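Asks: Protein chains in written order, with the numbering used here: chain H, 1 to 589; chain R, 1 to 589.
I should point out that these hints are in silico values taken from the structure, not numbers from a laboratory.
Among the clues, some could well be false.
Intra- or inter-copy, both count: the list cannot distinguish identical chains.
Lysine-lysine pairs mimicking DSS-like chemistry, simulated, CA-CA at most 27 Å apart [said to hold, decoys possible]:
(1) LYS514 / LYS526
(2) LYS122 / LYS253
(3) LYS255 / LYS514
(4) LYS379 / LYS438
(5) LYS535 / LYS498
(6) LYS498 / LYS122
(7) LYS67 / LYS498
(8) LYS402 / LYS547
(9) LYS255 / LYS287
(10) LYS253 / LYS498
(11) LYS255 / LYS526
(12) LYS438 / LYS324
(13) LYS324 / LYS295
(14) LYS438 / LYS191
(15) LYS465 / LYS547
(16) LYS255 / LYS535
(17) LYS547 / LYS514
(18) LYS402 / LYS100
(19) LYS495 / LYS109
(20) LYS109 / LYS465
(21) LYS514 / LYS535
Keep in mind it's a predicted model, so treat the numbers as computed, not measured.
Residue strings, one per chain:
2 protein chains.
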Amino acid sequence: MNQINKESTLKIIPLGGLHEIGKNTCVLEYEDEIILIDAGIAFPTDEMHGVNIVLPDMTYLRDNRHKIKGMIATHGHEDHIGGIAYHLKQFDIPIIYGPKLAIALLRDKLDEAGVSGRTTLKTVEPREMTRISSSFLVEFIRNTHSIADSFTLAIHTPLGVIIHTGDFKVDYTPIDGEYFDFQKLAEHGEKGVLCLLSDSTNAELPGSTASERSVYPNLDRIISQAEGRLMITTFASSVHRVNIILQLAQKHKRKVVVVGRSMLNVIAHARTLGYITCPEDLFVSLKGARNIPDKQVLILTTGSQGEPLAALTRISRGDHRHIKVRQGDTIVFSANPIPGNTIAVVNTIDRLMMQGANVIYGRHHGIHVSGHGSQEDHKLMLALTRPKFFVPVHGEHRMLVKHAQTAYEMGISSENIIIVKNGDVIELSSNNISLAGKVPSGIELVDQAGVVHENVLQDRQQLAKDGVITVAASINQDRELTELPQVDLRGVVTKVEKPVLRQVIIRAIENIVKNRWEEFVSDEDKNTINWSWLKEEVENTLQRLIKRELRSEPLVIFILQIPDVSSSSKSKTNQKVYRRRRSTASVAS
Amino acid sequence: MNQINKESTLKIIPLGGLHEIGKNTCVLEYEDEIILIDAGIAFPTDEMHGVNIVLPDMTYLRDNRHKIKGMIATHGHEDHIGGIAYHLKQFDIPIIYGPKLAIALLRDKLDEAGVSGRTTLKTVEPREMTRISSSFLVEFIRNTHSIADSFTLAIHTPLGVIIHTGDFKVDYTPIDGEYFDFQKLAEHGEKGVLCLLSDSTNAELPGSTASERSVYPNLDRIISQAEGRLMITTFASSVHRVNIILQLAQKHKRKVVVVGRSMLNVIAHARTLGYITCPEDLFVSLKGARNIPDKQVLILTTGSQGEPLAALTRISRGDHRHIKVRQGDTIVFSANPIPGNTIAVVNTIDRLMMQGANVIYGRHHGIHVSGHGSQEDHKLMLALTRPKFFVPVHGEHRMLVKHAQTAYEMGISSENIIIVKNGDVIELSSNNISLAGKVPSGIELVDQAGVVHENVLQDRQQLAKDGVITVAASINQDRELTELPQVDLRGVVTKVEKPVLRQVIIRAIENIVKNRWEEFVSDEDKNTINWSWLKEEVENTLQRLIKRELRSEPLVIFILQIPDVSSSSKSKTNQKVYRRRRSTASVAS
């Protein structure tokens, strides 16, 4: 940690979520000043039962909260702004700068979480320069991405300029006419860029990512051919795509019904800010659409990823209150499934087709393009900025490796390229880049009720796999089971009969109580029993025993009814003592 | 059901697992004779917690076991023979015919399950004709697929010939020189085929599936370029691919270490039967490989799908006992991830790369081809057999729809094509195809301990999502809580403090006990309490209450310690009565 605190070097610390390095939050630190770039969320993997969102471990920022001078949101995607409301509950961020659309979406989130009073939100314009602290002057450079109003950053530091690309693709024909500011990037390349941090999402893909505009003629053809009602789904945040769909609805004289909360929200903000321009009478309500012929209706809906609660998923299950699929409907997936969502998406497609819809999906239709650049786009970014040092970010390990190879092929020497993991501390001087230790990294899992800690998740994993066996027993100070133990099985599969299982459990408990009692008696006072030790020992013993008997590993919960000590001597005479009634319940060996 | 039993029609009933129609078992029934084609297993989806395998619902076959005359296994893949051992425990199958490799693999499985005595296994040769019963004469036609020794079936019935393709691709240059028997298919086409049941796996893909041989030059190049140790993973059952890899090992003078039980097993059988021919000294043990330079070693391993327990997955985690990744290793994934396995596979790749391996993966390398035909292959099958009726099988719904479109484009009228669901009864006469009811379909889930029923799965899903709360309380016949209730939370996330939660629970129980006691008293005998009703009511009430208080839905288990009735009147005077000690524990409203 000495090295981390060495003066006059710049530290860059990616704190990502899950496997994508530096995706969610990137920390820049110089002397006693920290700025943050983005703070998003990730989505849980299958093993993270009951988890709604995944946040990066923020220990380092909690510990260094006094240094935080401000934050920048590069654009309005969930994986870049979705974590801010959570972080503001843990530490202060004095000010957050971002493009208008991101700030509008963020303001909603902070309001909803009741934390909008804890920071100041400030919108910025392209080419604006903002001094966040004495060491950090940030310049906002327009780029192109799947959401409107997205920025690449040039961060002026005492050691030189750091370019952080944010998410980008190279789109020469952007839908909104907001062109990528190559001139500004080239100017920095000419003056000298100390380090480039660049988006690696599509680093495995050769070639260039197609322009968003390439989708237009394909959607145009599909919409013109649809005979009946039309439903189209895409990512709510893909403002340009939504724009194309709305333009085509106008062209083909269809009224638009917008379905799904996030879609309604993004469209509202994008219209207010002028990123989407269309006449008000293009839209109709669901009710209003009932009076319009099918051929004149276009339903724009969420659910492109087969999300269980999204509108189109519910429609496919037949449990959407207002929309039922009809023979003759054309349903268009203008989005590819993200890995991990494939099965949910194809199942949705199957259900829609079974109800008679003509479903149009799949890559060969040309109705989706990525918002992230491919290898040729990465090369252009490297060529324009000509950085001394290069750090691939925003990708899984193999993507970073490919992106590093691209940079190496472009002439950056291998000692000037660094591949990092989340939590790695990159130390940068004007002539050297190196790793200098590690800060706490990892993830924090959150469900609707709060943080899901590791032990809770482990319990859930065990419960999911093999269920739970609850054993409740009363033991008195005379080492007797005072009730027939209650055994309850939930989510457990076994061929062992319950009475047999109960018998095995009784013998195990009696064995501990009879033969190992001394272990739980206090050294000071022979009348004091350490009941919690006893409970723990019985639970562990039963866990082992049940694993052996059932050949599966349900979670075992042992509930010990502790006798009231003052009455324990009396209770013996009146309570039924279970053991005495059973001749077979001999003490087990 | 009357229609199902109508005489002199042929019934075809696909009984599939999960979404793939007719994949696992296809039933052919004529009058009182049934034959089965294949009986495989499917793998569980993410929501099927703790489930190891998925079988189709076999109710119909259990109910009609007396009709079963025999079965045919078309080839040796798990999804075609993996279910037989389970079914033989439920009903008899007098005889099972299949190709040599499938029968060898099946014999192992039946031995392992201890059911090999319950049927007769019989191998068949290409063009062999086997009479299974008076109505069913089966002819075995060589086809090409990813496993060696695979058959298409021509089933001669009183109504005409049914062609069941089995799994197939059209491979003009098969690795083993066993050519697709187009002549025999054409001969049937010339004579007249009543109905074609055809593999739909790749019905969404235009063009033809490339020959297995196309993989050879690409693997050859990669192996020749590898500087150090080489590991290659593929499906163990892809006998042709394994053959290619072994040939290339010989060519490049590398010794082969085979790792993984299924890989060892398939290679052993394939060598015994002559599908793989290579010198014995090509193979070395893991120990033997230690004395050979890295450049002369090729490790052939399981784990191409990121399966948690497979060898390569354990190697990637660093917990394989004998193999550690070394800088300079080249690791080749000669298989594409099956949808649903993508994330497991890319995580494995990332872990291998982090340890310094050069990992070669992805479609653009041309090191994997599918074993299933695409649209042009489907057209050839339709053109050769010229069936009157067409039923696409072995695919998910959208694949069947595409395959049906292909058949329609080939000139089969839409009333002669039928798209089915699992359990649908297809009724076939010489001039008509129609649906005639449905038999019980669906799935049976099996974990290591036995069948996982729907209620068990629902419990596991609830446990996985929100954990479990156990409440144990003693209530006596005087409507009193006789102990402080024990409350145990596992896998539960909540901000509600445990004492507060316990207080809420106590009040809820007391409310029922005090105000609704009469509901649980027997009409005949006022001293008899229906404790199980009481337990159920308390559990349901607590479930609702906890959902409201915690805003999550853990499973609630209520354990009621029932007092011994004979002593209940006495116990009151001696047992501590919990309520009396607490002034705050008033009866809740």
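Asks: Against each hint, give a clear statement of whether it holds in the structure.
Replies: Now for the hints, and whether the structure bears them out:
| no. | hint | in the structure |
| --- | --- | --- |
| 1 | LYS514 / LYS526 | within (16 Å within a copy, 40 Å between copies) |
| 2 | LYS122 / LYS253 | neither (39 Å within a copy, 66 Å between copies) |
| 3 | LYS255 / LYS514 | neither (79 Å within a copy, 60 Å between copies) |
| 4 | LYS379 / LYS438 | neither (30 Å within a copy, 59 Å between copies) |
| 5 | LYS535 / LYS498 | both (22 Å within a copy, 19 Å between copies) |
| 6 | LYS498 / LYS122 | neither (65 Å within a copy, 42 Å between copies) |
| 7 | LYS67 / LYS498 | neither (61 Å within a copy, 37 Å between copies) |
| 8 | LYS402 / LYS547 | neither (45 Å within a copy, 48 Å between copies) |
| 9 | LYS255 / LYS287 | within (12 Å within a copy, 71 Å between copies) |
| 10 | LYS253 / LYS498 | neither (67 Å within a copy, 60 Å between copies) |
| 11 | LYS255 / LYS526 | neither (83 Å within a copy, 69 Å between copies) |
| 12 | LYS438 / LYS324 | between (54 Å within a copy, 25 Å between copies) |
| 13 | LYS324 / LYS295 | within (16 Å within a copy, 62 Å between copies) |
| 14 | LYS438 / LYS191 | neither (32 Å within a copy, 75 Å between copies) |
| 15 | LYS465 / LYS547 | both (13 Å within a copy, 23 Å between copies) |
| 16 | LYS255 / LYS535 | neither (66 Å within a copy, 56 Å between copies) |
| 17 | LYS547 / LYS514 | within (23 Å within a copy, 41 Å between copies) |
| 18 | LYS402 / LYS100 | neither (33 Å within a copy, 45 Å between copies) |
| 19 | LYS495 / LYS109 | between (51 Å within a copy, 21 Å between copies) |
| 20 | LYS109 / LYS465 | between (36 Å within a copy, 25 Å between copies) |
| 21 | LYS514 / LYS535 | within (14 Å within a copy, 32 Å between copies) |
Of the numbered hints given earlier, the model fails hints 2, 3, 4, 6, 7, 8, 10, 11, 14, 16, 18; all others are met.
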